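Peer 1: Sequence:
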Amino acid sequence: MLFVSIMPSFAATTYNSQVSYAMEPSIVANKTLTREKTSQIESEIATLNNCHIDTSIIKKVNVTEKGNEYILNYKNIDEKVTIKSNDNENVTIIVSDGKKSNTISFTKDGSIILDGYKVQVSQVNETDMNIAKTIWKGKKSLTPYGNLKPSDYNRYLTSGKQNIALGKALNALTITALSSIIGSLHPYLGITVSLAGVAKGVYDVLVAVNPRTEYLGCKYTTYIAGAYDYKYINKFYANRQCTGRYRQELSYEHFIIY
Numbered sequence: 003m004l005f006v007s008i009m010p011s012f013a014a015t016t017y018n019s020q021v022s023y024a025m026e027p028s029i030v031a032n033k034t035l036t037r038e039k040t041s042q043i044e045s046e047i048a049t050l051n052n053c054h055i056d057t058s059i060i061k062k063v064n065v066t067e068k069g070n071e072y073i074l075n076y077k078n079i080d081e082k083v084t085i086k087s088n089d090n091e092n093v094t095i096i097v098s099d100g101k102k103s104n105t106i107s108f109t110k111d112g113s114i115i116l117d118g119y120k121v122q123v124s125q126v127n128e129t130d131m132n133i134a135k136t137i138w139k140g141k142k143s144l145t146p147y148g149n150l151k152p153s154d155y156n157r158y159l160t161s162g163k164q165n166i167a168l169g170k171a172l173n174a175l176t177i178t179a180l181s182s183i184i185g186s187l188h189p190y191l192g193i194t195v196s197l198a199g200v201a202k203g204v205y206d207v208l209v210a211v212n213p214r215t216e217y218l219g220c221k222y223t224t225y226i227a228g229a230y231d232y233k234y235i236n237k238f239y240a241n242r243q244c245t246g247r248y249r250q251e252l253s254y255e256h257f258i259i260y
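Under the numbering used here, residues 3 to 260 are what the sequence shown spells out, in order.
Possibly wrong hints are sitting among the right ones.
[Said to hold, decoys possible] Simulated crosslink set (PhoX-like; lysine-lysine; CA at most 25 Å straight-line):
1. Lys110 <-> Lys139
2. Lys237 <-> Lys202
3. Lys39 <-> Lys120
4. Lys61 <-> Lys82
5. Lys170 <-> Lys101
6. Lys61 <-> Lys102
7. Lys120 <-> Lys86
8. Lys170 <-> Lys142
9. Lys202 <-> Lys61
10. Lys142 <-> Lys221
11. Lys110 <-> Lys142
12. Lys139 <-> Lys163
13. Lys170 <-> Lys139
14. Lys62 <-> Lys82
[Stated by the list, open to error] Simulated restraints on C-beta separations:
15. Asn90 <-> Tyr119: 20 to 28 Å
16. Gly148 <-> Lys61: 18 to 26 Å
17. Arg37 <-> Asp206: 37 to 45 Å
18. Lys61 <-> Thr109: 24 to 32 Å
Everything labelled a hint here was simulated from the structure, so no lab data went into it.
Just so we're clear, the structure is a prediction, and the values are computed from it rather than from any experiment.
For each residue, glycine too, the CB sits at the ideal point set by N, CA and C.
Working from the sequences, and respecting the hints, build out all of it.
Peer 2: So this is what it looks like as structure tokens:
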């Protein structure tokens with residue numbers, strides 16, 4: 003449901019959202035939000051979702067002549083996201099929390115360009131991945147599949163490690179930027195749910211460890227419940243060696259036979 007706040011004529015029109023983005027034309031200051039504008043906002047929200055940007059925490063949308071501004075609320079932090087460009091090859095967004103700003107480009111080949119630097123994510127060894135790629139399809143989430151409980155995943159399978167070269171200090175990143183980068187790691191790759199909570203938790207812990215670090219490490223251990231369900235215990239570190247204090251997060255994967 004969308005709630006309207008009427009603003010002076012010189013200001014942008016603002017929509018406060020609390021539930022959903024299945025938008026319908028709305029009346030704002032005696033003017034109708036056209037179906038074309040409604041469709042544009044819905045399309046942009048879908049684009050942001052595909053970039054691991056949590057649209058469920060959008061608290062308002064400012065409609066301006068320069069474009070739509072999506073205000074994301076990470077508990078005590080608001081970040082403004084705008085789509086700078088979107089074509090068949092790249093999506094580029096600008097994110098600002100009022101103190102720092104990031105320009106993030108998502109390329110067709112899956113690369114992330116952060117403020118002009120290509121974020122480097124180390125590859126996963128084939129032994130750490132599902133090798134029967136033509137037979138299995140995995141669906142990742144942040145909660146156990148079906149009626150499974152976290153404790154049901156009690157059989158050790160394997161472990162792995164990935165490193166991320168950010169190209170700039172961690173404390174220069176917005177939460178939105180970090181969320182998108184975490185989505186490129188093996189335990190989260192392809193996930194279709196929000197990583198906002200994961201990113202906020204990782205940021206808060208690691209920026210306290212080393213705010214100037216330009217590297218993140220992720221060490222994950224995989225446990226299974228039967229043949230089709232994986233649990234990843236993911237430990238994030240403020241260095242490439244994966245040593246010292248860490249932030250732990252869980253993710254899950256359910257496999258389906260083709």
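Peer 1: For each hint, tell me whether it holds in the structure or not.
Peer 2: Taking the hints in turn, this is what the structure says about them:
1. Lys110 <-> Lys139: Given that 25 Å is the threshold and the Cα spacing comes to 21 Å, the pair holds.
2. Lys237 <-> Lys202: 14 Å, holds
3. Lys39 <-> Lys120: Distance ~33 Å between Lys39 and Lys120 Cα, so the pair is violated.
4. Lys61 <-> Lys82: 10 Å, holds
5. Lys170 <-> Lys101: 16 Å, holds
6. Lys61 <-> Lys102: 20 Å, holds
7. Lys120 <-> Lys86: Judged against 25 Å, a Cα distance of about 18 Å means the pair holds.
8. Lys170 <-> Lys142: 29 Å, violated
9. Lys202 <-> Lys61: 17 Å, holds
10. Lys142 <-> Lys221: Roughly 17 Å separates the two Cα atoms, so the pair holds.
11. Lys110 <-> Lys142: 21 Å, holds
12. Lys139 <-> Lys163: Holds, at roughly 22 Å.
13. Lys170 <-> Lys139: With Cα atoms ~35 Å apart, Lys170 and Lys139 exceed 25 Å; violated.
14. Lys62 <-> Lys82: 10 Å, holds
15. Asn90 <-> Tyr119: 20 to 28 Å: Holds, since Asn90 and Tyr119 (Cβ atoms, about 23 Å apart) stay within the stated range.
16. Gly148 <-> Lys61: 18 to 26 Å: 32 Å, violated
17. Arg37 <-> Asp206: 37 to 45 Å: Once the Cβ atoms are compared, 41 Å apart, the range 37 to 45 Å for Asp206 and Arg37 holds.
18. Lys61 <-> Thr109: 24 to 32 Å: 29 Å, holds
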